[in-house]
Amino acid sequence: MIKLLVDNWSEFISGFGWTVLSSIVALFFSLIIGSLFAILEVMPSKVARVIGNVYVEIFRNIPLLVITMFFYLVIPLYVVKINGFTAGTIGLTIYTSAFIAETVRSGINSVDVGQMEASRAQGMTFWQAMRYIVLPQAFKLVIPPLGNQFINLVKNSSVLAFVAGFDLMYQGNAIASTSFQTVNTYIIVGLFYLVITLPISYYMQHLERKLA
Amino acid sequence: MKRFKYVTLLITSLLLVLTLAGCGSKPLSSQNVLENDKQSNTITWGVKADQKLIGLIDVKDGQEKGFEIDLAKAITKKVLGKNGKAKFVTVTSQSRIPLLKNGNIDAIIATMSILPDRKKVIDFSDSYFSAGQSILVKKGSSIKSVKDLNGKTVTSAVGSNSVDNIHKIAPKARVLQLPDFAQALTALKSGQGEAMTTDNVILAGLAVENPGYKLVGGTFTTEPYGIGINKGQGDFKKAINKGLKEVIKDGTYNKLIMKWFGNVPGFNYKEVLRK
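Chains as they are written, first to last, in the UniProt record's numbering: chain U, 1 to 212; chain W, 1 to 275.
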């Protein structure tokens, strides 16, 4: 197993790099997009609530692979050429953002309504109240489920393998099929994923203890 | 203290995984595949399910159809007698060797070239088809031969040796490995690559189904296909080789070639006939 790792070190590392990059980009954008749609879902305006709901329900209920394949195969035919890595990362971002939206919304909902009402009574606008009063409390509450979403995101990034996104799983498939050491290859791939997900796990625990 | 607990848990689970991985390789090799098959009167073949002319599941009746399927049936009859049954299990380029190793299938007849690297892991029968690698492009493409692939993007399937060949012959080509040939073709169609590469027979099947695409440049490798058999199954390998020889000798083989490849435009079936 050590020999397999050493022989294919550069492939494993480049796959690891692309997985980390894809995860970071998708994590950043899905957190922003997800939070925006979460706010849309709790806005007083009915139109905004409907838009938020439709987005979340569509992308939460379609398999990630389908969304990704759509960006990899359909969009290049009609709109613009995007490569596998980009298609995979976009799919990952959209898919995860729907889950993050639901997570953040549940956090906002669990902050007492009185908080929002009091802020509004003080003359704050809806956005000011959200920004300074409700969201900080909401995020504290949803740190554990958010951590779950981040970890899922990293693991889901293996969808890139299906669209030739050169990630860890893609390299794993390629190495397994040329070395024929299927079991060992996937154990190594699994360990590499742990290298990314365990620190996230620990950091979220740390954050939870620090803030809550 | 809590942290210590987690570390212990992690180490224990890793050890468990490693132990499980270690004990997976033994039990199958001690069984005799030929004996088992004679007892059940069935040979289980790993076949392709997505390749026209070779091995394709017909959506209308759910039956596997193709050259390799017919050949497998013919060989089964020679090995087990007139009433011998051939059972088919769908495999992909990626899953076929693991499935053979863990005993899900007895033999692989799935467009697999006889390669030194593969010989280290499994045994091969005598060659049953003289294949070679070629390129499929959109009609009107500027790519005329494998040399033109430098600087271009080529799609192929993961687990096939085509990728290594391209790296050797056209080192500057970028290769995208997709899960199977159908997806490699879809990726080519949606412009993710300028050409697709794999064995000529597979491309021939795709060209028949997709009128806008054609083979160019002929074959640039010789990669005879062989039937994959587990290591340590000498009896079974002998029986398969004997069956294959008989199928070629009595003319069944050439009939099958004519049946499946007689009418493919641009494919010279005379090259693959056996005497």
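No wet-lab data here; the hints were simulated from the structure.
For every residue, glycine included, the Cβ atom is placed at its ideal position computed from N, Cα and C.
Keep in mind that the hints are not guaranteed to be accurate.
In the BS3-like style, the derived pairs of lysine-lysine whose C-alpha atoms are separated by at most 30 angstroms in a straight line are [claimed, not checked]:
| no. | chain 1 | residue 1 | chain 2 | residue 2 |
| --- | --- | --- | --- | --- |
| 1 | U | Lys3 | W | Lys168 |
| 2 | W | Lys168 | U | Lys155 |
| 3 | U | Lys81 | W | Lys5 |
| 4 | W | Lys147 | U | Lys81 |
Simulated restraints on C-beta separations [unchecked claim]:
| no. | chain 1 | residue 1 | chain 2 | residue 2 | range |
| --- | --- | --- | --- | --- | --- |
| 5 | W | Asn102 | U | Arg131 | 27 to 37 angstroms |
| 6 | W | Lys119 | U | Ile2 | 40 to 50 angstroms |
| 7 | W | Lys5 | U | Asp112 | 30 to 40 angstroms |
| 8 | W | Tyr6 | U | Ile2 | 48 to 58 angstroms |
| 9 | W | Tyr6 | U | Lys3 | 52 to 62 angstroms |
| 10 | U | Arg131 | W | Gly191 | 42 to 52 angstroms |
| 11 | U | Ile13 | W | Leu115 | 34 to 44 angstroms |
Are any of the numbered hints broken by this structure? If so, which, sorted upward? 2, 3, 5, 6, 8, 9, 11
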